[in-house]
Every structure is written in C-alpha cells, then in structure tokens.
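Given next are the chains, with one letter for each unit.
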Amino acid sequence: MDIHADEGEFVSIVGPSGAGKSTLIRVLGGFVKPTEGEVRLHGKKVVRPTPKIVLVHQSIVTFPWMTALDNVKLGMKYMKLPPEKEDELARRYLEMVGLSGFENFYSKQLSGGMRQRVAIARALVAQPEVLLMDEPFAHLDELTAEGLRNEIYSILFNTDSPLKAVIMVSHNLDEVVKLSDRIYVLNGSPSTVVKEVKVNLERPRNPMSEEFRAIVEELYAALTPVKKRVPE
Amino acid sequence: MAAPDLVDQVLTYSLASLASVARDWVAIFLSVVTGWFLAYAALKSKVFENVYVSVLETLESVPVISFFPVVLVAFVYGIGGRLGVELAVLFLIFTATTWNIWMGQYQAFKTVPNDVIEVAENLRFTFWDKMLKIYIPYSIPRIASNMLPSFADALFYITVSEVFSVGNSQFSVFGIGTIVANLTAQGDYVDVGIALAVLAVVVVVNVFAITKFADYAVSRYGFETEAVKVARRGRVRLGLTVRAGATLSKAARVARLVPLRGRGYVMLEEEGEKGRKFEIPTKVTYSLLAVVFVGLIIYGFYVNWGTVETALPYTGQILLGLAYDYLRVAVISLVAFAIAIFGGYFLVTHPRVEKPVIAFLQTFSAFPAPAYFPILFLATLPLVKSVFGPLTNEFYVLLLGFISTFYYIFYEVWLGIKNIPKPVWELMDNLNLGFFTRLRKIVLPGLLPYIVTGISSTVNSAWGGLAIGEFWPSIAQGQNLQVSHGLMLYFALWDEQGAVNLLAWGSFVFGVIVVIYSVLFTRKLMDLARKKYIMEESVYLI
Numbered sequence: 001m002d003i004h005a006d007e008g009e010f011v012s013i014v015g016p017s018g019a020g021k022s023t024l025i026r027v028l029g030g031f032v033k034p035t036e037g038e039v040r041l042h043g044k045k046v047v048r049p050t051p052k053i054v055l056v057h058q059s060i061v062t063f064p065w066m067t068a069l070d071n072v073k074l075g076m077k078y079m080k081l082p083p084e085k086e087d088e089l090a091r092r093y094l095e096m097v098g099l100s101g102f103e104n105f106y107s108k109q110l111s112g113g114m115r116q117r118v119a120i121a122r123a124l125v126a127q128p129e130v131l132l133m134d135e136p137f138a139h140l141d142e143l144t145a146e147g148l149r150n151e152i153y154s155i156l157f158n159t160d161s162p163l164k165a166v167i168m169v170s171h172n173l174d175e176v177v178k179l180s181d182r183i184y185v186l187n188g189s190p191s192t193v194v195k196e197v198k199v200n201l202e203r204p205r206n207p208m209s210e211e212f213r214a215i216v217e218e219l220y221a222a223l224t225p226v227k228k229r230v231p232e
Numbered sequence: 001m002a003a004p005d006l007v008d009q010v011l012t013y014s015l016a017s018l019a020s021v022a023r024d025w026v027a028i029f030l031s032v033v034t035g036w037f038l039a040y041a042a043l044k045s046k047v048f049e050n051v052y053v054s055v056l057e058t059l060e061s062v063p064v065i066s067f068f069p070v071v072l073v074a075f076v077y078g079i080g081g082r083l084g085v086e087l088a089v090l091f092l093i094f095t096a097t098t099w100n101i102w103m104g105q106y107q108a109f110k111t112v113p114n115d116v117i118e119v120a121e122n123l124r125f126t127f128w129d130k131m132l133k134i135y136i137p138y139s140i141p142r143i144a145s146n147m148l149p150s151f152a153d154a155l156f157y158i159t160v161s162e163v164f165s166v167g168n169s170q171f172s173v174f175g176i177g178t179i180v181a182n183l184t185a186q187g188d189y190v191d192v193g194i195a196l197a198v199l200a201v202v203v204v205v206n207v208f209a210i211t212k213f214a215d216y217a218v219s220r221y222g223f224e225t226e227a228v229k230v231a232r233r234g235r236v237r238l239g240l241t242v243r244a245g246a247t248l249s250k251a252a253r254v255a256r257l258v259p260l261r262g263r264g265y266v267m268l269e270e271e272g273e274k275g276r277k278f279e280i281p282t283k284v285t286y287s288l289l290a291v292v293f294v295g296l297i298i299y300g301f302y303v304n305w306g307t308v309e310t311a312l313p314y315t316g317q318i319l320l321g322l323a324y325d326y327l328r329v330a331v332i333s334l335v336a337f338a339i340a341i342f343g344g345y346f347l348v349t350h351p352r353v354e355k356p357v358i359a360f361l362q363t364f365s366a367f368p369a370p371a372y373f374p375i376l377f378l379a380t381l382p383l384v385k386s387v388f389g390p391l392t393n394e395f396y397v398l399l400l401g402f403i404s405t406f407y408y409i410f411y412e413v414w415l416g417i418k419n420i421p422k423p424v425w426e427l428m429d430n431l432n433l434g435f436f437t438r439l440r441k442i443v444l445p446g447l448l449p450y451i452v453t454g455i456s457s458t459v460n461s462a463w464g465g466l467a468i469g470e471f472w473p474s475i476a477q478g479q480n481l482q483v484s485h486g487l488m489l490y491f492a493l494w495d496e497q498g499a500v501n502l503l504a505w506g507s508f509v510f511g512v513i514v515v516i517y518s519v520l521f522t523r524k525l526m527d528l529a530r531k532k533y534i535m536e537e538s539v540y541l542i
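Protein chains in written order, with this note's numbering: chain A, 1 to 232; chain B, 1 to 542.
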C-alpha cells in the first residue's frame, strides 16, 4: 500500500476490525518496524518514534498524579525549555483546546472529553509536523465525541500550530467524512488500500446533506463485504 | 573418596532434601486449607477481619526466631520426644510460609467480582457451594503466586528451623538443614558442596513445578477483572501483600487482580428471612471468635506478667538494638530498591534477557542463603576484610540481609514496570523522554503502590537475614560472625542463655514497633499511592 499526506491535509484510514489500521498508524509513527517498505517524512526515513510525528491514543493517556498543566508540559521535556517558557506554552495550548481555567485539575477531576483535550494539547505542544490519531473519539460518549469532532479541525490547523498534516484511523464513517480531505479504505486479507476517496465538501460539513451521505455510501460499499482470508 | 561412599552420600542428601522439602509442602498445605476458612470468616465479620488483618500484618514482619519461646513451651516441652521436636520444626517452618498465603487468600476472597457474588446470592448458594465453586477457585491464582515466596522463605529458614538450641539443649530433625549445619560445623566443605548441589537439584525441580502450576492456575482460574467491578467490602489493602509480588511468569495477569480505588463497591443486603436467619448468628460467631482471640493474647500477657516484669529494665537496650537494626534494614532496602529500579527497567526493555534472568532469579531466590553463606563467607573473607576492615562483620550481615530480601522488591518493581500500559511506553518514546525524565515523571510515581509493597516486603524479610547473620557462631573454620549491637543479636544471645522472659518481652516490643511502623509509614504511604499514583489509571477506558 502507498499512503501519503500533503501539507494541510487531514487524511483518514478506515477499515474493518482486524484490518491492521492501528498497526499501520504505528508503522507511520515509527513505533513498529515494517517488514517491508518504509515511512518517509519530507523524504527522510522514519526509523523510530519522534516528536515530529505524535500519536494521540485511543485509550486516552493522562497521568493521574499530574495536573492538566503538568501533563501538557510533558510534551516539551525534550526541548529543555526554561520552566517559565514551558509554563507559558502549556497554558496557551490548554487554552487552545478550550481548557483555560482547568490548568490545576488532576485527571480524575476531568471528564473523558477533557482528558482527550489534554492529550491533544500535549501532542500539539510538542510541535509535531504530523499528528497521528488512533480512533481518538472511541472512548468518549457520543455527545462528547460529537462536540470534540466539531472543534478538532480548527484546533489542529490553528495558525499558531506548526502542524502540517493529520492522519486518523477510525471505523466511524460519518466521522471520517466530516473531518477528512482524503480517505483510504483498507480491506481484504492481507489488507490493501481498496479505495481512495477525496472529500471536497465545504466545512463545516452537514452529515445530512446528499453529498455527505453519498460519500458515506461509497465508503460503505468499499468496505462490504469484509474480505476474509480463506484457509488454504 | 570412594565411589560407593559418594553414592551413599548423594542418596542420604537426596533423602534429607526430600524430607526438608516435604516439611515445606506440609506447612504450605496446612496454610492453604486453614487460610480458606479464615478468609471466609474475615468476609463475614468486620471485627474478625480487622483483628485478622492486623495480626497478619504484624506476624508477616516478625522473624521466625521470635516464635522460639512459644515453640519450646508448646511442642518441645509440652508434647516432648521426637514428635514434639518434629512438630516444633514444622511449626517454625509454618511461621515462615503461612502469612503471605493467608493474606493472599483473604485478598482473593475480598476481590471476587460483584457479578459473581450476585449470581451466588441469587441462586442461594450454601456455604460449601460458595467455597467450592467460587471462593476457592478464585483464590487459586493468588495461592499459586504466593507459593514460590513461601517455599523460598521456608527453605531460607531451614538451617535455623531444623537445628535449634535453647540454653544447653539442642534439638534437630532429619533434613538437609541439619546435615549442612553439621557438615559446616565440622569444616567438611567438600561434603557441604555436594549436599548443596543435591539440594540445588531438588530446588530446581520444585521451582519448575511451582512455576508450571502458577501458569496453569492463572490460565485455568484467572479472572480478567480489568473491566469487572470488584467487591470491596471492608479492608482490602492488596498493595500491602507482603511477598505476594514475588511471583511468576504470568504474574502480570495475577497482579491485575489489584482492586483499584473507584471501582465498584457493593454491599449486598441480605434479602428474605432465610438469609437473615443464617447471616446474623454467623457474624456474631466470628466476632466472638475475634474477641476471644484478642482476649487470649491479653490473658497470656497477664498470666506471664511476673516473668515479663523482670525483663522491663532491658527495654532501653531493646529499643537501641531495634534502632541499629532499622538502620541496617534501611541500608539494605535502599540498595535493593536502586538495583530493582535499574535492573527491572533494563529487563523489561530487553525481553531477550528478561526471561532467563527472571527464571534464574526465581530459582536462586528459593535456594536457601544460610546454607551456602558460610562458603561464600570463607571464600570472600580476605578480600572483604582488606576493604572493610573493622566493618567486615557488618558488611556480611548486610549482605545476608540483602540476599534474603532483594528478590521481593525486585519482583515487585519488575512487575510494576511490566504492567505499564503499552500506550504509556509509546508516549514516552514519542516525546523522546530521557531515561531519568521517564523515571522521575512517570515510572516512579506510577509504581508507587508496587514500590511501597516492595519496600514493605523488603523491610519485613530483612529481619530474617539479620536474625541469622547478627550472631552466627562458628560460621566457618571457627570464625564467628557477630555485630556489636542489634535486636536480632540480643535475641540470639538471650536464646542461647535460655532467657525466655527477655525473648518474650523483646518480641512484644518488636511487634508493637512493627505495628506503629506499619500504621505511620506503610499504610499512610499506601493510602497516598492508591489515591493518586496508579499507573493503570493513566489510561482512560470506559
């Protein structure tokens, strides 16, 4: 398979369970070494995890012994900034994700949606060029998830952010159509890209519109039937 | 040495090793069976539970030597003869094996998932139904995980348990501990080597069997409780399970049985008259049992007051000795902790090395240090003397304490690091966090419950090493190993003099200090750890 993301693009990968979406995103982040092929960022080979490509996990990772502010500061440790600068940046990014006023709250005092915002702020404060998101809304209730989906695009491509591209893995077809500029559909065994769909709808997108539904249908058609390996 | 002699020797040593190991297994079996009923009693009565857990926590920390006066009176002089001595030895080994098994069973019973309890209540299970179909199977993985530490503890005490003396009377039973002690006393080090080699084979076979059983127990009886609500009715302080962490290859799954703060807390109310009729008398009975138990302790103290009174002037000396020993324990714990953190992290991040090293450590931890320590002492004495000079004996006591306790904290920390969720590792890699930033910001805070448990186990187990090392006459080639101050030294000296009153008073003061230490330090730290520092909660799953 050949997957790429251009500058300013929000790319999604969809596929049935077991298609290897999460493995693929870890390959893209340098967490898993591919048995074949390679990952390149600006032409340079990615061989290990780097803050230039940050992963936001499906299982939201925030540390219960740290405040929201400290959790975000973790993203800057590799830069070795002075404490005042760290503090200033962490506060700015918390504000960017809508958590101004919650700086001193511990994880347990925050809802799932707020924790995911903290995780996103921590990812962005690391100044990545590519953000990888592995089903980032999967552990949130539908209302919270929808709220975050509506804001995420403007948060990510905020003018302050050096972010160049986002690659998200999901199995929620409405979600990917709502957010993406381009969608790769994985299917079959072994998995391959069976379809590439460009989404040129204007933002904010209306999930009830005919064009929106048509793209969802197109994706659905590419995903069904789920092609399973037949034992030899 | 003629070949037939060697064969005879190997045969004798094999039989002796089997006899010693058989005593261990009898003690473990007795612990397991009694532990089930005691754990059930603790479930049924709050009063019994509080007394039981407090007593267990104290007894886990008291070295085997503290039980000598009780043993002497009850078995050696009371029953008398070979049977009395044999029972005394069995009891001494029992004291080394049982507390962590009982604690593990209690914790297993307390952490049976709510859903399972509800099914049992719903279907009106009888006492035996509940025990045989729920509580006992549910406790098997914890028993399995406690079996190796118990086995190792019992073997550790083998040299002091199988041969012991009070005043001019010496008592011994047939076993490898007795043989090694006699051979060492005679300076017959070649034969000591052969005996140890035979024991090593027996230990390896037993450790292998225990690890296989643990694997089987976890796969057959292990509950996946991550998403299951757990009943936490009353006191569950799993993190404090002494030695429970010193466990086996599938230990990570066993460790997941840890009940986390914030998970389910369900108190099932008895419904219907039938349930109430059964429940109330049971609660009263167990509460009475607890009161009687405490009453017996107070009565025993009252009756023996005349004897204890003569020991009161020694209280200052006892406290001074205890201060010395706590200092030794602190040094041992700090060194063990530092090695555990760096070693544990290294092993988890190097899976190829991890498996053989853990297997080796498991086997080595079960091999009784007091049996080979004289040889180690003899081989290293000139070098150690040249380096440590007047502190040579102090070094050896610390070394024996370290050997006897290092594994507990190591396994605990290793387990904790192994249980760090994968997304956390990925995040640390992703953000390019350096080794010390990882330790300071993430690994150490997240491991606090494991660290408290590990330090607690280390502190408790170190006493055993000190009890043997602080006064070891004729350890090898007529050399004595003895320190200037230390409660364990005083115990040994009073034991030699037959000063039962001093031993009893010393043990009592020691027990009180252990409880105070537990209340002020361990419990507070564990409460803090469980409030905030839980690595598993860094991953949000609904």
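It is worth saying that the hints were derived from the structure and are not from the lab. Hints may contain errors.
Unchecked claim - Here chain A is said to cover these stretches of chain B; the calculated rule only asks that three of the stretch's residues, wherever they fall, bring their Cβ under 8 Å from a Cβ of chain A:
(1) 41-47
(2) 431-444
As the list claims (entries may be wrong) - Derived SDA-like pairs: lysine to any residue, alpha-carbon spacing no greater than 25 Å straight-line:
(3) B:Lys531 - A:Lys85
(4) B:Lys418 - A:Met66
(5) A:Lys108 - B:Lys422
(6) A:Lys85 - A:Asp70
Even glycine gets a Cβ: it sits at the ideal position worked out from N, Cα and C.
Structure-based check of all given hints:
| no. | hint | in the structure |
| --- | --- | --- |
| 1 | 41-47 | violated (count 0) |
| 2 | 431-444 | holds (count 7) |
| 3 | B:Lys531 - A:Lys85 | violated (31 Å) |
| 4 | B:Lys418 - A:Met66 | holds (21 Å) |
| 5 | A:Lys108 - B:Lys422 | holds (20 Å) |
| 6 | A:Lys85 - A:Asp70 | holds (13 Å) |
Of the numbered hints stated above, those contradicted by the structure are hints 1, 3, listed in ascending order.
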